[in-house]
Amino acid sequence: MFRIRFHGRGGQGMKTASRILGSAFFMAGYEVQDAPRYGAERRGAPIFAYVRAARSTINERGIINHPDLVVVADDTLVGMPAAGVTQGMDENTLLLINSHESAQTWGQRLNTRARILILAAQEEVEDRAELPYIGSRCAAAAAALTRVISREFLIAALNEELAHLNDEVIKGNRDIALVVFDEMATQADLVNEGVQASASDYVRPKWIDLPFERAEISNIAIHAAATSVKVRTGLWRTMRPVINYDKCSGCSWICSTYCPDGAINVRDDGYPEIDYEHCKGCLICVAQCPPHAIESIAEQVARGQENGATP
Amino acid sequence: MTRKLLTGNSAAAWGARLAQVDYIPAFPITPQTEIIENLAAWIDRGEMPARLVTLESEHSMITAAGSAASSGVRAFTATSSQGLLYGMEMIYTVAGWRTPFVMVNVSRGLASPITLESDHNDIMAARDSGFLQIHCATCQEIADSILIAYRLAEHTQVRMPAIVNLDGFYLSFTREPVDLADASKARAFVGEYDPENLQFRGNSPLSQAMAVLGGGPYSYFRYEMHLALQHALSVYDEVVDEFAEIFGRRYDMIDCYQMEDAEYVFVMVGSFSTKARDAIDSLRAAGRKIGLLRPRLFRPFPQAQVRQLLQGRRAVAVVDQNISMGMGGVLHSEFATALYGASDAPLLASYIGGLGGRNISQQEFFAIADELQQASEREVAPPPRLLYTEEELTEMRKLQAIAQAEHAEIHQH
Chain A
1457 MFRIRFHGRG GQGMKTASRI LGSAFFMAGY EVQDAPRYGA ERRGAPIFAY
1507 VRAARSTINE RGIINHPDLV VVADDTLVGM PAAGVTQGMD ENTLLLINSH
1557 ESAQTWGQRL NTRARILILA AQEEVEDRAE LPYIGSRCAA AAAALTRVIS
1607 REFLIAALNE ELAHLNDEVI KGNRDIALVV FDEMATQADL VNEGVQASAS
1657 DYVRPKWIDL PFERAEISNI AIHAAATSVK VRTGLWRTMR PVINYDKCSG
1707 CSWICSTYCP DGAINVRDDG YPEIDYEHCK GCLICVAQCP PHAIESIAEQ
1757 VARGQENGAT P
Chain B
177 MTRKLLTGNS AAAWGARLAQ VDYIPAFPIT PQTEIIENLA AWIDRGEMPA
227 RLVTLESEHS MITAAGSAAS SGVRAFTATS SQGLLYGMEM IYTVAGWRTP
277 FVMVNVSRGL ASPITLESDH NDIMAARDSG FLQIHCATCQ EIADSILIAY
327 RLAEHTQVRM PAIVNLDGFY LSFTREPVDL ADASKARAFV GEYDPENLQF
377 RGNSPLSQAM AVLGGGPYSY FRYEMHLALQ HALSVYDEVV DEFAEIFGRR
427 YDMIDCYQME DAEYVFVMVG SFSTKARDAI DSLRAAGRKI GLLRPRLFRP
477 FPQAQVRQLL QGRRAVAVVD QNISMGMGGV LHSEFATALY GASDAPLLAS
527 YIGGLGGRNI SQQEFFAIAD ELQQASEREV APPPRLLYTE EELTEMRKLQ
577 AIAQAEHAEI HQH
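One line per chain: the protein sequences are A and B, in this order. So for the first sequence, this note's numbering puts the first residue at 1457; every next one is plus one. So for the second sequence, this note's numbering puts the first residue at 177; every next one is plus one.
No lab work stands behind these hints, which were simulated from the structure alone. You may find that some hints are simply not true.
Derived CB-CB ranges, DEER-like [claimed, not checked]: (1) 479/B x 1547/A: 44 to 54 angstroms; (2) 1569/A x 572/B: 21 to 31 angstroms; (3) 1722/A x 573/B: 44 to 54 angstroms; (4) 1727/A x 180/B: 31 to 41 angstroms; (5) 204/B x 1544/A: 26 to 36 angstroms; (6) 1547/A x 222/B: 52 to 62 angstroms; (7) 360/B x 1569/A: 21 to 31 angstroms; (8) 463/B x 1688/A: 43 to 53 angstroms; (9) 535/B x 1722/A: 37 to 47 angstroms; (10) 1733/A x 513/B: 22 to 32 angstroms; (11) 535/B x 1625/A: 34 to 44 angstroms; (12) 1664/A x 512/B: 40 to 50 angstroms; (13) 1580/A x 582/B: 47 to 57 angstroms.
A quick note: this is a predicted structure, and the numbers were derived from the prediction, not measured. C-beta: ideal position from N, C-alpha, C; glycine also.
Make the full structure from the sequences, and use the hints.
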């Protein structure tokens, strides 16, 4: 059975990617299961989707814990624990990253036994949640790396899964997907089908007898204050609002009041300050600021500047 | 045969469409909403001649479905979890009206704490209501079960509403190959809705004995519902035989896998049972005689069939994806009841797992099989087990540290 996971950000089309690949497998005569993992399915937030394909009925269900192929649409997710990109990877896993950087660089960064391949990233776009064609590119790359899906089935699957879009958009996706397919078709590293767990040689689960604990401990009360601070929703941001204090009139309330996440604080001097650990980059503050003192810049550009790189 | 990839929710919508439903009272709730969205889109495009109405709550929605069925139209609705519980007063009430309609429940764990993922405590809460219950394990089964459920619910010897249950996420948002029934064959199989004496019409006044005082009349009506459900067992067999003849797919009230020579048995309902099938394949490869028994029909409960299928087996593990606080697994209790007093009854072990979508790993199935074998050798059933691992408790401790769960205790001492 092929077990394939797609990781990306909300908006990048990972559910669509899983459906394109699922349909292509199905056309190639495989039994298929594909599903997105919903949770915080919001623009920019890390999400994933998965595909199982086998020659016989698929009984396995739920999240893929031991992936044969992991496709990452946005390389900023690789090092983010909440995205779970590297979860369950082993020496059988092929990791395909859409990146400007090389496999060697990623190999040095990641302590992994997985084999790493690069899907050469296209020209950078301002808002990463809008990476064009990335869903189709990821699906095409995965299809090629399995070596069991033909160009024709990929085209048919793209047509079917994108049928709600206009012809020009579908053609754009198809053209770019086929370039990736042809490129990946020459790769020597392939996806290996994983095996089923063996009942004669298995690691016994570390079951415990859950101890009884008094209600003071075992109820759902949260005694600590502001625990939501620990959830760094700023990682979802693909566009960053930046305050130009030369223009800010210090009205002291409009941007902070409109912020749906309470991520803008007003300092003692009456000026606002954005908490980038938690700002999700919705840009409502940019739209609301009366003197237009808040502008938006691409998150990866902002991070590059912070790291001293030239944008 | 034209199979296509459909989510469980799409398969449910297709089931309603193929059953030619007339009226769909609706209220959204995750992970069910996609069913209603599918139906609404078809109706909007003129592909499905039905009326969809959004109500202000599940309580009203279930009332509307029951009322519509009383007035002579075929009704369909869907809900999940908290929505099912919010409508619970009317679940019991419309069952007493003896109005046949089909409701899909997309199983999801209950608050508190609230969750989005699946377990069966929601559907178990409707267990004693009078609704027939069919539990699905695949997307194919969902589409087919809705057709079967209409036939069963509307049968003149039954006349009770039905719930078709499917698991949230594991089926609702998961695409699998589904062979949709041919529309004209489905129409012929389900037939026309014939509401008989339930038909409320302006020109032929009719009222219901909504209230009765005194235990005699009350008991009569309640006993009759129970007898109708028991009667549904034989009707179910007739209906699925006909279904198999027309569509080539068999849906026995109890689905058996590798049961012929099985000495050990997993008992499960719902989509997690397919995980058990995988485990059985691996265990069989290792020389173990083990099988799966999965009740599809949960209400009425096929007691006699369970007893007959399990007599002579060595040990049975009932894996419940629900928990009755202070008692344990609901399915386990029902199986114990079915087997009580049977000669040659197997040892019966209880496992609870899969709450809030928690995975049950292949290794856990293997370990359960090992425990069954040991129990059989010692001739005593193991104590009930709440599936939980050391790793899970460690993760829980980290969360408790963040929540400062020890705070309350510090203040006490």
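Each hint, compared with the structure:
For residue 479/B and residue 1547/A, the hinted distance range of 44 to 54 angstroms is satisfied, since their beta carbons lie about 51 angstroms from each other. Hint check: residue 1569/A to residue 572/B, Cβ distance near 29 angstroms, so the stated range 21 to 31 angstroms holds. About 38 angstroms separates the C-beta atoms of residue 1722/A and residue 573/B, a value inconsistent with the hinted range of 44 to 54 angstroms. Checked against the hint of 31 to 41 angstroms, the pair residue 1727/A and residue 180/B fails, with Cβ atoms roughly 58 angstroms apart.
Judged by the Cβ atoms, the range 26 to 36 angstroms given for residue 204/B and residue 1544/A holds: they are separated by roughly 34 angstroms. The given range of 52 to 62 angstroms is respected by residue 1547/A and residue 222/B, whose C-beta atoms sit roughly 55 angstroms from each other. At about 56 angstroms, the beta-carbon gap between residue 360/B and residue 1569/A misses the expected band of 21 to 31 angstroms. At roughly 50 angstroms, the beta carbons of residue 463/B and residue 1688/A sit within the given window of 43 to 53 angstroms.
In this structure, residue 535/B and residue 1722/A meet the distance hint of 37 to 47 angstroms, their C-beta atoms being roughly 45 angstroms apart. As the Cβ distance of residue 1733/A to residue 513/B is approximately 55 angstroms, the hint placing it in 22 to 32 angstroms is violated. Look at residue 535/B against residue 1625/A: about 38 angstroms separates their beta carbons, and that is inside 34 to 44 angstroms. Distance hint for residue 1664/A and residue 512/B: a CB-CB separation of about 25 angstroms, inconsistent with the stated range 40 to 50 angstroms.
A hinted range of 47 to 57 angstroms for the beta carbons of residue 1580/A and residue 582/B is consistent with their spacing of about 48 angstroms.
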